[in-house]
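Novice: Here's the letter readout for the chains.
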Amino acid sequence: MIRLNAITRTFHMGDQVVHALNDINLVITSGEYVSIMGPSGSGKSTLLNIIGLLDRPDSGRYELDGRLVTDLPEIEQARIRREKIGFVFQSFHLVPRLTAAENIELPLILSGVPQEQRQIRVDEALQAFELKQRAQHRPAELSGGQRQRVAIARATIMRPSVILADEPTGNLDHQIGAEVMTLLENLHHSGTTLIIVTHDRELGARAHRQIAMRDGKILTDQSDDTR
Amino acid sequence: MTLADTLQTSFRTVLSYRIRSLLIVLAMALGVASVVVLTALGDGARNYVINQFSSIGTNLLVVLPGRAETSGSFLGAVLGQTPRDLTLKDAQLLGRLPQVRRYAPLNVGAAELSAVNRLREVTVLGSNADLIPVRHMQLAQGSFLAHGTERNAQIVLGAKIAREFFPRSQAIGQRVRLGDSRFIVSGVLASQGESMGFNTDEIVIIPIDYAQQMFNTTSLFRILIEAKSHNDIEPAKRAILAALKQSHDGEEDVTVITQDAILATFDRILHTMTLAVAGIAAVSLIVAGILVMNVMLVAVNQRTAEIGLLKAIGATSSDIRRLFFAEAVWLSFAGAVFGSLLGQLGSLMLRLAYPQLPAWAPVWASIAGVLVALITGIAACLWPANQAARLDAVQALSKR
Ligand SMILES: Nc1ncnc2c1ncn2[C@@H]1O[C@H](COP(=O)(O)OP(=O)(O)O)[C@@H](O)[C@H]1O
Ligand SMILES: [Mg+2]
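Protein chains in written order, with this note's numbering: chain A, 4 to 230; chain B, 793 to 1192.
Treat the hints loosely; a few may be bogus.
Unchecked claim - Short, incomplete list of chain B residues facing chain A, as computed with Cβ under 8 Å:
#1 Met793
#2 Thr794
#3 Asp797
#4 Thr801
#5 Ser808
#6 Ala1097
#7 Leu1101
#8 Ile1105
#9 Thr1108
#10 Ala1145
#11 Pro1147
#12 Leu1189
Said to hold, decoys possible - With a cut-off of at most 25 Å between alpha-carbon atoms, the simulated SDA-like pairs for lysine to any residue come out as follows:
#13 A:Lys87 / B:Thr1096
#14 B:Lys1191 / A:Pro99
#15 B:Lys1191 / A:Lys135
#16 B:Lys1191 / A:Asn8
#17 B:Lys881 / B:Thr1096
#18 A:Lys87 / B:Gln1187
#19 B:Lys1020 / B:Ala1034
#20 A:Lys220 / A:Gln178
#21 B:Lys1191 / A:Ile78
The hints are simulated quantities; they were obtained by calculation from the structure and are not laboratory data. For each residue, glycine too, the CB sits at the ideal point set by N, CA and C.
So here's chain A without its partners, still in its complex pose (with noise of 0.2 Å):
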């Protein structure tokens, strides 16, 4: 459950001051398949960044499953991030020198998870993703699909109740990005709470939950029941 009450981020450039997000009131229940579209520079990557406490509101309250963790210290958050959420970015974001397992792994080796058990969980999710070939190739031999299926199984490898994802099929075709997207919607099916920023209508459109962003603020808000 997220619930975001009056949520301000603002950026100064110069003595310009940039609104990024600007009084946003939102609330998503666990489980939910929500998708924020908007043009570029409206807030969206703002907005999920400040709910995967990668970034700080300056003002407004942010509670994720009943608790405040506006002002958690640093520590608390990593843990928060490490055990609930999930990031998929459209760059990838894979690190280059490891391999496809390696880079799976990394979310268990930042949470102290013991090797054997490391091992095993990295198998089943190269299995699940269809990885299982690629497991000793690096990014680079790895085509655009594989590096992004690479990272939703990094993404998920914690078994987060949130995965955010930024834009997942910005640098991938259509067809390679419908099946990335099919990917998610089945971590959904799974019981994850799934949030996609994206500017792709039809990708959008495949959400429940449909939340329009322009110049900081929730431009619309609509749910399928409600269409």
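Given chain A, put chain B with the ligands in place with the hints provided.
Specialist: Just chain B with the ligands now, kept in the frame of chain A:
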């Protein structure tokens, strides 16, 4: 993140940047190795000098005419002139002091040695029977000047002289002429080679009385004294000074050098020198440290997106700091270990090239070299690691 995982992860990072890591390790290793080799050289030189000094006698005191300008400096006495003479009577007086085990008076001169149909100029030492034990000399054949027979016309030849004059026949018992006097060869010195700038292979030794007669002098060049024990050296020195002051009408006109004091001076000088070269070598370690800092700063810059990613998947700032820190520890550690081995190898080669030089790096130097490498490497990484830890996750992620 567990410590083991941190170390393992950063170890893999070090391995994956192969050339970069190799260069840093090499720079570190060369620094450590130069500390080890240079201190081995310095300490080897020190031990070489100490060995040389010990080989000329133990508990040795040297009495020479003339007063040192400043107390403690023997140079003044060595260079200074116009003192009152030291005589054989003085030497005998000193021989009776309770702290003195034995003494050997010494006169030095040059004369022509001839035998059979050979002739050459040689350095002549005039002394007594105790010169052998006092000066740690060794005989190869025959006997040395006998006790109480100073008036016998005996001569002891240096090894090389004996070989030159009597290449085929036995030297002992041969008649030789030295200057205007005739002598019978009673012994031949064992070959010792150069020792403290004095080649005993090319000297001849005759009784002191003959030497004084030959050089027409009653004064002595030196009196060599052997104290009864190490603890007697200082009392002996005081007793000698007092005894000679009394017999020289209350004038303090001699200098007593103890082997210990000279040794201590050399020891101090060479030890300081060793420290100095070690310090210079350590500077190269600081340079290596700066190299590590630079490389780590570049690494932080290069891996900014990676740092952002690590934070996004839940790394804390201290996880990041520790990862970079561990990387520097590995690099410095490898450099220190590799450098120590290299240094030992270098010292070994020194010893092989110069067998008389005991070029062993002192333990303190090896330990200090390794510690300085580790400390500079780690210190050099504190700042870059902190920079990495403080990166803003969102901005780091957006960097390409
Ligand atoms: N670190 C930053 N510094 C300054 N301005 C920023 C920063 N991050 C985002 N912005 C500004 O905030 C606004 C929203 O950005 P963003 O959330 O990335 O938009 P979107 O993801 O919808 O394209 C934009 O105008 C952008 O220029
Ligand atoms: Mg964006």
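Novice: Take the C-alpha atoms of lysine 87 of chain A and threonine 1096 of chain B, compute the straight-line distance between them, and say whether it is at most 25 Å.
Specialist: holds (24 Å)
Novice: For a C-alpha distance cap of 25 Å, please report whether lysine 220 of chain A and glutamine 178 of chain A respect it.
Specialist: violated (32 Å)
Novice: Does alanine 1097 of chain B hold up as a contact with chain A if the rule is Cβ-Cβ below 8 Å?
Specialist: Cβ of alanine 1097 of chain B sits 6 Å from chain A, so the hint holds.
Novice: Go through the hint on alanine 1145 of chain B and say holds or violated, using the shortest Cβ distance to chain A against 8 Å.
Specialist: violated (44 Å)
Novice: Measure nothing beyond the straight line between the CA atoms of lysine 87 of chain A and glutamine 1187 of chain B; if it is 25 Å or shorter, mark the hint as holding.
Specialist: Measuring from Cα to Cα gives roughly 22 Å; hence the hint holds.
Novice: With a cut-off of 8 Å on the beta carbons, see whether threonine 801 of chain B makes it to chain A.
Specialist: holds (6 Å)
Novice: Hint validation: serine 808 of chain B versus chain A, beta carbon distance must be below 8 Å. Holds or violated?
Specialist: holds (4 Å)
Novice: Hint validation: proline 1147 of chain B versus chain A, beta carbon distance must be below 8 Å. Holds or violated?
Specialist: Nearest chain A Cβ about 49 Å off; hint violated.
Novice: Given the hint that lysine 1191 of chain B pairs with isoleucine 78 of chain A, test it: the Cα-Cα distance must not exceed 25 Å.
Specialist: Within the cut-off at roughly 23 Å; holds.
Novice: Given the proposed pairing of lysine 881 of chain B with threonine 1096 of chain B, does the C-alpha separation stay at or below 25 Å?
Specialist: violated (89 Å)
Novice: Can threonine 794 of chain B be said to touch chain A, with a Cβ gap under 8 Å?
Specialist: holds (5 Å)
Novice: Does leucine 1101 of chain B hold up as a contact with chain A if the rule is Cβ-Cβ below 8 Å?
Specialist: Holds - the Cβ of leucine 1101 of chain B comes within 8 Å of chain A, reaching about 4 Å at its closest.
This entry does not satisfy hints 10, 11, 15, 16, 17, 20, going by the numbered hints stated previously.
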